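The primary structure of each chain is shown beneath.
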Amino acid sequence: MRRDLVEAASRGDHEAFEVLATSAGDRLYAVARLILRTADLAEDAVQEALVRAWQQLPSLRDPDRFDAWLHRLVVNACADQGRQLRRWSQQVRSLPVGAAISDDTASVADREQLERGFRRLKPEQRAVIVLHYYSGFSAAEIARILGIPEGTARSRLHYATEQMRALLEADARQPAVAQNGTA
Amino acid sequence: MTDMKLDEKISKWLEAEAPRQLPDRVLGATFERTRRSRQQVGWRALLGRIRLNRFAPALSGAVVVVLVAALALSYYANQPGYGGPSKPAPLPATPDAWSRVSIDSRFRTSQVDTDSLAASPHGLLAVLGELGSDAFQLSVSTDGHTWLEVPRNQHPPLGDDIRLIELIGTDGGFLMIVSNNVWTSPDGLGWELLTGQEDPDLRQGEILAATAGGPGFVAVGSNNTAWYSTDGSDWSLADVPPQPVGSGGPGVSGERPTVTMYQVATSGDVLVAWGDASANDGDVEPVVWTSRDGRTWTKASGPQIDSVALAGRPGGFVATGALIDGIPADRANRVAFFSSDGQKWERATNDLERRQPTSPNGGLTNDERLLSVDEVAAASSGFVAVGSDGWCLIDRCADAEAAIWTSVDGRSWARMVGDDLFRVNEPRDPNASPGVYATSVVAWGSRFVVGGQYDGKPVVWISGSEPPGNGEIDTATAAAVAPTAEPTEPHAIPFAGNWEATDPPPDSSHLTMAIVELPDGAYDVTIRDDLATVCGGVPSTMTGVAEAQEPGTIVIQQPDYVCDDGSEAQALSGPPLLEQLQNLGFTYEPVSDELQDSFGLVWSHAAMGP
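Order-wise, the sequence lines are chains Y and P.
In terms of my numbering, the first sequence has 107 at position 107, counting the first letter as 1, and numbering is strictly consecutive.
In terms of my numbering, the second sequence has 141 at position 141, counting the first letter as 1, and numbering is strictly consecutive.
Any given hint could be a false lead.
To be verified - Covered by chain Y, according to a simulated footprint, are these stretches of chain P (three or more residues, beta-carbon under 8 Å): (1) 8-16; (2) 158-171; (3) 576-584.
Stated by the list, open to error - Short derived list, chain Y residues pointing at chain P, Cβ under 10 Å: (4) Gly12; (5) Ala16; (6) Gly25; (7) Leu50; (8) Val51; (9) His132; (10) Arg144.
To be verified - Over 10 Å on every C-beta distance to chain P, these chain Y residues come out as not near it, computed from the model: (11) Asp26; (12) Asp110; (13) Lys122.
Derived from the structure by calculation, the hints contain no laboratory data.
Bear in mind the structure is a predicted one, so any value in this text is a computation, not a measurement.
Glycine included, C-beta positions come from ideal geometry on N, C-alpha and C.
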């Protein structure tokens, strides 16, 4: 059914494209927002990715790769959004901690540590972290999505994860008073 | 913290952080734009249903290319390294040794680069790619300065993954491997399929690198696999070291790591292949093989570097990459190693780039410019490595510049001081294309040709033999050496003529089609239907101009459709009829001598016109 929709959309069926885009929109938005850390940029990235998807759909050779291809477009669109900011790291803002969290196992301190660690990752490392741990793609799939060798994807994922670990452990060793910012 | 606990922690945190819903206004705005936006030509959609080897008989007998042989031979006879004067060109270590040439591309976006290059005595072959899409273009040049796009109906389907396109320059022309299908060409303009995935040995893994060497050609790729061939038409699996069994390194739990080989190079009769063994736990270890004949490979110990580029020439190999020394690969020092035999590797006396940590724990900052070394090539004069200085968010920064290093002996390296040839100095819109960067390099005789992007356009930088006029092309010379390419022989694929088909039930109507070849190589197409349901059962006429796309395929971008009684045709379902008819394609089936359109209807030759 989904393959039929992709084929129909690639032949110019806009209704089919709307069904596909609507069903993928939430996931793509989540990926973009996790990478970019800001809602406005993520919304723009998703819109750009979907417009490109419509325009370039006839060039998609294998309809079964539609989902991976969409992710590639959204990651590229995130890159484009990022390029528009000269000092990207200074303009992103944190999502409000605890805004959507109901998981008892994650303490506020944990979430703050993760947020700090994640924000210190290089953006392409964020992308592989999000694609792997959130979207559930394997390293091989990430390689195809990002157009990099599989070994590079594995390596990037490995180093990003290890850096998160190092940052979390370093953070945990800081005195609580420093973490809370109170004297 | 255990791996599992960390994985779980990150997964749960991301899941909690992720927004649940894309605001409706975003989809609304998107659809407003897409309804007004045209789709690109959809020939690739057709290709998905076509077996590549169908084109072999058509291509092998069809391609007619006229090269001004005498002029070309005269030109090449004067090229250093190709039978001309034996005086080698010096290593191009300064900007004034280079000239930059733009390559015309059919892509209309501002993000097109030269992804891959090959050189032969007959000229240069380049794959251009459009960033953000999976579209490629093939271009050729006999002199490096005048480039000609190879018409899409004259070259093999290029697929949608640059990793699966391998170019090899040979004395007789070029070999191109696309998704394990092997094609040959004397000049890059006409191609013949030699073999492909019907060969069981070529289905054992994906070919990711190939070179001329060993018994003729060798290739390496995924799934711990290597191949060899004497002539490119018959490939055999090579004996390779067994996959390592994880113990303490990759595959801690005993799982066999995945071995993937990404690079292969030759130096005299020695071959070196480079790749990695990676396990699901994320551990990656370099894997190096050497061979004397390309048929049997043995394991060697290589330095701990990642993202390796490899090149060889008589006397030794160079491997460049990111040093794996406990810090993230992207942050690591860029280094070069030299080996005379592929077995023992020595680190160059100086690194290509030594980076200083900018945060207390050696981590990364998001606005930090990073550097890559993407390819290296070797010639008699030395080695040239190329890359990009200025990686930002996932992609190159808007002010990225091409980085070029040179080394006479592979042991001592110097980065060439860039100038305006390799960067854009004027203030630029940050939304503009990602600056300047180099992605590929190939030795061409004693010269080097570097591929990349300059301000959104595909370019090559060429060393030596500066054309007269300080970089300006001497048009007389260019015309003399440019290939005089004739398009594919018009009747090689016999679209022109009268065709007929029968609609499937319930219509079961009789359709006739007249295809007339136009002087510019396009085709005028008229299709008549004696009982058109979309016209309430009266006859209809569809007309349009079809243009050649991939080998054996012509496409009408937007046909006109009229009911013969003057009524308006109505689609029975889905989008408007004209929209459904966009990019109507016809593919020639050489075996059955039939056409198949993009709706699956099969057309046979008809004796009578419509």
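Results for each hint:
1. Given as covered by chain Y, the stretch 8-16 of chain P passes the check, having 8 residues with a CB less than 8 Å from a CB of that chain where 3 are the minimum.
2. Given as covered by chain Y, the stretch 158-171 of chain P passes the check, having 5 residues with a CB less than 8 Å from a CB of that chain where 3 are the minimum.
3. Only residues whose C-beta sits within less than 8 Å of a C-beta in chain Y count toward coverage, and the stretch 576-584 of chain P has 4 of them, enough to reach three; the restraint holds.
4. Look at glycine 12 of chain Y: its Cβ gets to within about 5 Å of chain P, closer than 10 Å, so that hint holds up.
5. For alanine 16 of chain Y, the suggested interface contact is upheld, since its CB lies about 8 Å from the closest CB of chain P, less than 10 Å.
6. Interface restraint check: glycine 25 of chain Y against chain P, minimum CB-CB distance 4 Å, threshold 10 Å, status holds.
7. At a threshold of 10 Å, the smallest CB-CB gap from leucine 50 of chain Y to chain P is about 5 Å, leaving the interface hint in force.
8. Hint status for valine 51 of chain Y relative to chain P: holds, with the closest Cβ pair at about 5 Å, below 10 Å.
9. Of the supplied interface hints, the one on histidine 132 of chain Y holds, with its beta-carbon coming within about 9 Å of a beta-carbon of chain P, less than 10 Å.
10. A least Cβ separation of about 7 Å between arginine 144 of chain Y and chain P falls short of the 10 Å threshold, and the interface hint therefore holds.
11. Not every CB of chain P is more than 10 Å from the CB of aspartate 26 of chain Y (nearest about 5 Å), against its label as outside the interface.
12. Not every beta carbon of chain P lies more than 10 Å from that of aspartate 110 of chain Y, the smallest distance being close to 7 Å; the non-interface claim is violated.
13. With a minimum CB-CB distance of about 4 Å to chain P, lysine 122 of chain Y fails to clear the 10 Å threshold, and the non-interface call is violated.
In the structure shown, a violation is registered for the earlier hints numbered 11, 12 and 13, in ascending order.
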